[in-house]
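We have chain E; now place chain D onto it with these hints.
Protein sequences appear in the order of chains E and D.
Anchor point for the first sequence: position 16 equals 52 in the working numbering, and the numbering is continuous, going up by one each time.
Anchor point for the second sequence: position 20 equals 56 in the working numbering, and the numbering is continuous, going up by one each time.
Calculated from the structure, these hints are not laboratory results.
Hints are not guaranteed to be accurate.
Just some of the chain D residues that point at chain E, by a computed CB distance under 8 Å [said to hold, decoys possible]: (1) V259; (2) L270; (3) M273; (4) Q277; (5) R279; (6) I282; (7) H283; (8) A289.
The beta-carbon is built from N, C-alpha and C at its ideal position, and this holds for glycine as well.
Number of protein chains: 2
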Amino acid sequence: MRAATIRDGEVTVAEHADPEPAGGEILVAVRAAGLNGADLLQRRGKYPAPPGSPPDIPGLELAGVVAARGPDARRFDEGDRVMAIVGGGGQAELCLVHERGAMPVPEGLDWPQAGGAPEVFTTAHDALFTQAGLASGERLLVHGGAGGVGTAAVQLGRAAGARVTASVRNAGLRDEVERLGATAIDPENVEAHGPFDVILELVGAPNLATNLAALETGGRIAVIGVGAGAKAELNLMALMQKRGRIHGSTLRARPLEEKAAAMRLFERHVLPLLESGAAHVPVAASYPLEQVGEAYERFGAGGKLGKVVLEIDGSAG
Amino acid sequence: MRAATIRDGEVTVAEHADPEPAGGEILVAVRAAGLNGADLLQRRGKYPAPPGSPPDIPGLELAGVVAARGPDARRFDEGDRVMAIVGGGGQAELCLVHERGAMPVPEGLDWPQAGGAPEVFTTAHDALFTQAGLASGERLLVHGGAGGVGTAAVQLGRAAGARVTASVRNAGLRDEVERLGATAIDPENVEAHGPFDVILELVGAPNLATNLAALETGGRIAVIGVGAGAKAELNLMALMQKRGRIHGSTLRARPLEEKAAAMRLFERHVLPLLESGAAHVPVAASYPLEQVGEAYERFGAGGKLGKVVLEIDGSAG
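Bound-form chain E, shown alone (with noise of 0.2 Å):
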């Protein structure tokens, strides 16, 4: 099989042998894979793929065609549209998955939304209702709400009934972001637009002060993302006297049986969303595997609404 590979810093197209499933994994043949930031941070060097994942294929999410099963597999059918996170290895035309970590694709979700849907509206989920849980009334803070994880978060937290405030750099993306159901500000305009009982956190440290002071007495900060920087200086004292929490946390490390479970989740709170239209998948971009370079310098350049995706002709497509 062909796939994006990492050599050197760079993303080309290599050839790999094809995998076979084992126990209860399934085989899919892809049809799309959407980008994340830890691709980026990964070709760097600086993030590696976990122990079980290719070291050298990219791609946390995946959509597509059950090829084959392990023989342990029941869960879905050969043929079965299927879509799924992964520790790495979704950008090829074949991907091994454990079959509880995948769930069907809704009809009506096109190929370019299903693979760019998982990995952005669980790690959205997973911080904003397990981690911080948010709830209806909230106000919600989403920094870097025109991103994938952004875009996913703000539906998420207005379909749930939260009043939500999505800080947008670009300016002239923010319209776009307010047709989600958010209130599109400057980031520099935060504290101006608080208090907030939930914010996300996407952006990284030089946010930590202002989000500390912008939020709600017992309130909570999820930090998903710090592509900004990592070090902050925090004020204790004030964490105490707002009596709030600061959660941090990634999906890519954690064991079968909690991906699995945020799966789950996504099956019973996301899905619907997906398939009545309350939520989607804004796609900036979709490029061909070939064009994997391209899809990473754009990807890379930011800017963009939503999710840049790599179309795949998996070979049992």
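Below, chain D alone, put in the same frame as chain E:
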């Protein structure tokens, strides 16, 4: 009535008008009142009393006898032994308490223990269980394990089936902390004894980096004291990789309904331990009200096991 009184950065005894209970308040003839870190901060002008509390009388906890009741107070009768947390004013012959913020004093608990129990056990219980979700089998580190909150936390953790480690700077107190149910260690050796699922931070900013390094995946840090400094560098990427969270909280600033809810949890989960002797209140020293200056000096000097308490002869005692 006479009361400990803050004037120009000193605490002396002065005469105040007797307070009168209104609504659901009870008037308590105080028999003992513990000292807490917040009193020292307030003496230095750094922690003003919340609205509704006497601005110049310190004291966040007290025990005594109900001397009078407001027209809507129903929970206690005159003569009942009660203990309570208050926003301030506890170190006085008389103190107003909302009846929902008071609890019965168990038989067998003497006045100094009862006067030193409410704040530290409520603080420790709230931080360990309500916030950090400490569960049986988990590993708990209590930073500052010999102090008032520390000795309460060690005993509560032990009673709930956690494996408890306590950092104790004063080597001469470690044996006594071990008798409370913890492995007592030098604060310099925290990392060698980890990882920990829950870390109770009573010291402050200097410990944060070590705490994060010693945190188990999915671990929680509860910050409730910053005497050694409030501003710390936080590595958000490390927090993400640990999938950890950091809580901050204080009891004092909470509204009545939250304090009352904390009291009900105390009644359900802590009173039985104090009644059975599974937990007790180590009283390092007690002073009569007249020696309030010496009591504050002793409290501020540190190096003690448990509480410093004022014994007071409330007018109806």
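Each hint, compared with the structure:
1. A hinted interface residue such as D/V259 counts as satisfied when its beta carbon comes closer than 8 Å to some beta carbon of chain E; here the least separation is about 5 Å, so the hint holds.
2. For the restraint placing D/L270 at the interface with chain E, the shortest Cβ-Cβ distance is roughly 4 Å, inside the 8 Å limit, so the hint holds.
3. Interface hint status for D/M273: upheld, as the beta-carbon distance to the closest one in chain E is roughly 4 Å, under 8 Å.
4. The restraint placing D/Q277 at the interface with chain E holds, with a minimum CB-CB distance near 7 Å, inside the 8 Å limit.
5. Of the supplied interface hints, the one on D/R279 holds, with its beta-carbon coming within about 4 Å of a beta-carbon of chain E, less than 8 Å.
6. Residue-level restraint check for D/I282 holds (minimum Cβ-Cβ distance to chain E is 5 Å; threshold 8 Å).
7. The beta carbon of D/H283 is positioned within 8 Å of a beta carbon in chain E (closest approach about 4 Å), and the interface hint is therefore held.
8. For D/A289, the shortest C-beta to C-beta distance to chain E is roughly 7 Å, which falls under 8 Å, so the interface hint holds.
Of the numbered hints stated above, none is contradicted by the structure.
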